[in-house]
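Chains as they are written, first to last, in this note's numbering: chain A, 282 to 789; chain B, 282 to 789.
Don't take each hint at face value.
No copy is singled out in the list; a pair is fine if it fits within one copy or between any two copies.
[Claimed, not checked] For lysine-lysine, the following DSS-like pairs were computed, each having C-alpha atoms within a straight-line distance of at most 30 Å: (1) 542 / 422; (2) 297 / 422; (3) 499 / 406; (4) 349 / 297; (5) 459 / 477; (6) 477 / 723.
Hints were generated in silico from the structure; no laboratory data involved.
Number of protein chains: 2
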Amino acid sequence: MTEMHSNLIKHPSIRKILEHYRVIWSLNHLSGLGNWDLETYMPEEGSEARGEALSKIASLSQKLFLEKEFVELIKESSKLNDLNDYEKAIIRMLLRDLEFYEKLPSAFIEDFVKTTSEATTVWRKAKNSSNFSLFEPYLKKIVELCKKKAEYLGYKESPYDALLDRYEEGLTTKEVEKYFASIKTILVELTNRIKKSESYRGSHSLEEEKYDIETMHKFNQKLLKFIHGELTHLRIDVSSHPFSTSLGKGDARITTRYKGKDFAGTYGSTMHEYGHSLYEIQSHNDLHYTPIAGGSSLIVHESQSRFWENFIGRSEEFLKLIYGDLVEAQPSFKKYDLSEIYKYLNLVKPSLIRTEADEITYHLHILIRFEIEKDLIEGKIDVKDLPKIWNEKYKSYLGVDVPSDREGVLQDIHWSGGSIGYFPTYSLGTALSAMWKHHLEKEIGDIPQLLKSMDGINKIKDWLKKNIHEYGSTYTFRELVLKSCGEEFNPKYLLEYLEDKYGKMWNL
Amino acid sequence: MTEMHSNLIKHPSIRKILEHYRVIWSLNHLSGLGNWDLETYMPEEGSEARGEALSKIASLSQKLFLEKEFVELIKESSKLNDLNDYEKAIIRMLLRDLEFYEKLPSAFIEDFVKTTSEATTVWRKAKNSSNFSLFEPYLKKIVELCKKKAEYLGYKESPYDALLDRYEEGLTTKEVEKYFASIKTILVELTNRIKKSESYRGSHSLEEEKYDIETMHKFNQKLLKFIHGELTHLRIDVSSHPFSTSLGKGDARITTRYKGKDFAGTYGSTMHEYGHSLYEIQSHNDLHYTPIAGGSSLIVHESQSRFWENFIGRSEEFLKLIYGDLVEAQPSFKKYDLSEIYKYLNLVKPSLIRTEADEITYHLHILIRFEIEKDLIEGKIDVKDLPKIWNEKYKSYLGVDVPSDREGVLQDIHWSGGSIGYFPTYSLGTALSAMWKHHLEKEIGDIPQLLKSMDGINKIKDWLKKNIHEYGSTYTFRELVLKSCGEEFNPKYLLEYLEDKYGKMWNL
Chain A
282 MTEMHSNLIK
292 HPSIRKILEH
302 YRVIWSLNHL
312 SGLGNWDLET
322 YMPEEGSEAR
332 GEALSKIASL
342 SQKLFLEKEF
352 VELIKESSKL
362 NDLNDYEKAI
372 IRMLLRDLEF
382 YEKLPSAFIE
392 DFVKTTSEAT
402 TVWRKAKNSS
412 NFSLFEPYLK
422 KIVELCKKKA
432 EYLGYKESPY
442 DALLDRYEEG
452 LTTKEVEKYF
462 ASIKTILVEL
472 TNRIKKSESY
482 RGSHSLEEEK
492 YDIETMHKFN
502 QKLLKFIHGE
512 LTHLRIDVSS
522 HPFSTSLGKG
532 DARITTRYKG
542 KDFAGTYGST
552 MHEYGHSLYE
562 IQSHNDLHYT
572 PIAGGSSLIV
582 HESQSRFWEN
592 FIGRSEEFLK
602 LIYGDLVEAQ
612 PSFKKYDLSE
622 IYKYLNLVKP
632 SLIRTEADEI
642 TYHLHILIRF
652 EIEKDLIEGK
662 IDVKDLPKIW
672 NEKYKSYLGV
682 DVPSDREGVL
692 QDIHWSGGSI
702 GYFPTYSLGT
712 ALSAMWKHHL
722 EKEIGDIPQL
732 LKSMDGINKI
742 KDWLKKNIHE
752 YGSTYTFREL
762 VLKSCGEEFN
772 PKYLLEYLED
782 KYGKMWNL
Chain B
282 MTEMHSNLIK
292 HPSIRKILEH
302 YRVIWSLNHL
312 SGLGNWDLET
322 YMPEEGSEAR
332 GEALSKIASL
342 SQKLFLEKEF
352 VELIKESSKL
362 NDLNDYEKAI
372 IRMLLRDLEF
382 YEKLPSAFIE
392 DFVKTTSEAT
402 TVWRKAKNSS
412 NFSLFEPYLK
422 KIVELCKKKA
432 EYLGYKESPY
442 DALLDRYEEG
452 LTTKEVEKYF
462 ASIKTILVEL
472 TNRIKKSESY
482 RGSHSLEEEK
492 YDIETMHKFN
502 QKLLKFIHGE
512 LTHLRIDVSS
522 HPFSTSLGKG
532 DARITTRYKG
542 KDFAGTYGST
552 MHEYGHSLYE
562 IQSHNDLHYT
572 PIAGGSSLIV
582 HESQSRFWEN
592 FIGRSEEFLK
602 LIYGDLVEAQ
612 PSFKKYDLSE
622 IYKYLNLVKP
632 SLIRTEADEI
642 TYHLHILIRF
652 EIEKDLIEGK
662 IDVKDLPKIW
672 NEKYKSYLGV
682 DVPSDREGVL
692 QDIHWSGGSI
702 GYFPTYSLGT
712 ALSAMWKHHL
722 EKEIGDIPQL
732 LKSMDGINKI
742 KDWLKKNIHE
752 YGSTYTFREL
762 VLKSCGEEFN
772 PKYLLEYLED
782 KYGKMWNL
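So here's chain A without its partners, still in its complex pose (with noise of 0.2 Å):
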């Protein structure tokens, strides 16, 4: 692979590109440290000189973006025809920003970021007193100001449509609504079986289970370096949202939140986080420094996080593997056997936090943020209705109440940081994860039987990096499933591998 990808990319035109780019590259690294920061380190009184640099400098990306010399050398190498693959995905996203940058003006950008970075602040104190009326106003803005975003973008039939493409290139409401329709029915369906049967009572317990929190962070540490190896390009730290950052060559960080009970959370967001991570870790060395390095589709990355979350994390396989660091982490789990635990973390339960759902409700928990995301941006419900919306919805979908904000509207960052159109790629790109298990097992082996070695892992690695991660962004997420599956996204490999674990687990 190395040999073939080595020198990626060698036209002159698209060097000359390079190196104007670098100082944006420069500017999005210190840009992504100041977002880690503030989710992870940051004094609470400094976020409003925070945002106001973020601010600032979103402009004046902008503006190094748009210097005309940087415009012209774009446009005309998008008129070349002896560019490789590499070369024109980099035409292809410099395109797609400078579209953006060209549709959007800079004070906005500039208003866009400072609210979002000062909501963001608000929003974690909102979510700790469990207060929705604190961040009311700020959420109230960011509506107003995605659909001005809309607006300025364009869309044919839905804003919404506008929000969408921003995460997903060309993704449509229309797409999302026709997914959820295919999945939806099945999926409740399958809840519900699985409900009544027999064996679904009396392995709640664990759920209970106390832990002790500075054990379990050292536990995540021992776990990342078990899966990845040494950590001397990846670090883990705690934010009341796990998220997973890439600021570049060797500078790989993920977080992970804990509540000092219920370990599936905290694991499941520690292996989820890794996913992602590990495309960014595994994306060829020659495309750092490019518009092209790691993953720009929110859906291949998150079938990325998914695919170790789920069938890793939660395969009763991995689980043998780290048992024994595990029961000494958490001494409570002595008086389980494995099977109990392996149960705990595939138990389907719904619940009221979506990054602790199983996989199967799951995507009602999507399906919730899209139907209320959509109608805000399409004008039909207000703000200040969320809360009675959000629990109404929880209670139709999923059948439970939500007793407090912060277990409710609150519980996601999403919405502060101003990423209204994101959370459908959460669904797909875990359906995407199922498309990408089936054809991996076909192509190395089951799952399960590469899970009882060491080796095993890095086969499983290896192959993720040479059909998706070593790419970057070369493809956009129809032609890499088409490059890699040699067919196009289907969600019913989801549901069959639903249907088929859980059917076997619970004897339906």
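Starting from the known structure of chain A, arrange chain B on it as the hints suggest.
Chain B only, in chain A's frame:
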């Protein structure tokens, strides 16, 4: 105070300048964060990318600074004669930067930043493995770059003057030589008197007492809470070389380090860095986002850190206030009474590590670095000979044998960051701190008396705020001393203080 200072900057021309400056401030803010992260949390392999980003941003900053419109604004405003002190100072600081940027080519700055950013990572490795040869080629390049810098900047007598001036406006090699000549003999003599005194023997065992690092970190956080109040705008982390940084409004950060024994080391550095941070924190609110927020004179800055480290941290009265928490954090201290711990904190003992040196021999550590830097820049010695020269000077001035480069020439971070010309301000700043002490005590009473209550600590903080901090960088070192003390800088206060304190302590 607040009223007099409210709306400090009113002149429309200066306000216009500050608007443009805010983008440069934003770059400084994120670069500051990038440097902080480099020392604290960045994964090891991230140094190349970080170095690249910091160097690109440094030259971008220069480019923005040199934009014709901005330069004209500054030059036009420098002719105005209706500016108040704050507005004048903004122009003074910007003209200083302008001179720097006009004289140094941007490619040079980029090279300097990139080299030093990488060198810092290499220095850390070299120090950890006590391997000077790892660091040698980087230091050699840094010395060459600094010589070049001196040539670009220009100087009257020694090229070292040009470097000194960047850290302390107008400071010259001759002045530094004269200063050291005025204190060296007296300090050496005082040290010898102490070493010969009856009571000098026997109180050294505390240095070997071990502590638990996590517990001690919690103690340091408690200590900061005690002297400062809520830590919503100040945090403490760990780095191999303690430092402080202020990223702007509401975001001050200090670091410390832990050896696992010899409590005085981490305690001293925490108090020291706190003194720096307090200066930034108590700078007037209206100065945020301007080039005169916080202290720019390194001598004044160091006078603040040394004030807290020595007059507060090393006083018997303050020790009484924290004694309970201290012995709880370090239970082995229970076997010593307060006066023994006090003597341990004030032990005069020629030693290896500057940051842990006593108040008297500290200045000899600085003198050694000053002499080496001067000779390096004047081309009288070679980088490759540094370990030998270092060790010889330590033997000759302090009478100690240096067992390894880690505890010798590799101990300080400064040179790896390109900071040659910085060290002398440490000694001069310490001398200035004694001058502040003298004048503070004349006005609000003796520090030992004030330290008998929390209220007294607040009075000290208020005096420092009113006389020093609040002005930020409005006045130069010399102007501020004259304004607040009514006389010129004089090292006699340092000598008087040391003679008095150590005379009493060791019954000389």
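Now for the hints, and whether the structure bears them out:
no.: 1; hint: 542 / 422; result: neither (36 Å within a copy, 53 Å between copies)
no.: 2; hint: 297 / 422; result: between (40 Å within a copy, 29 Å between copies)
no.: 3; hint: 499 / 406; result: both (27 Å within a copy, 24 Å between copies)
no.: 4; hint: 349 / 297; result: both (14 Å within a copy, 26 Å between copies)
no.: 5; hint: 459 / 477; result: within (29 Å within a copy, 90 Å between copies)
no.: 6; hint: 477 / 723; result: neither (33 Å within a copy, 83 Å between copies)
Figure legend: structure checked against the earlier numbered hints; hints not met, in rising order: 1, 6.
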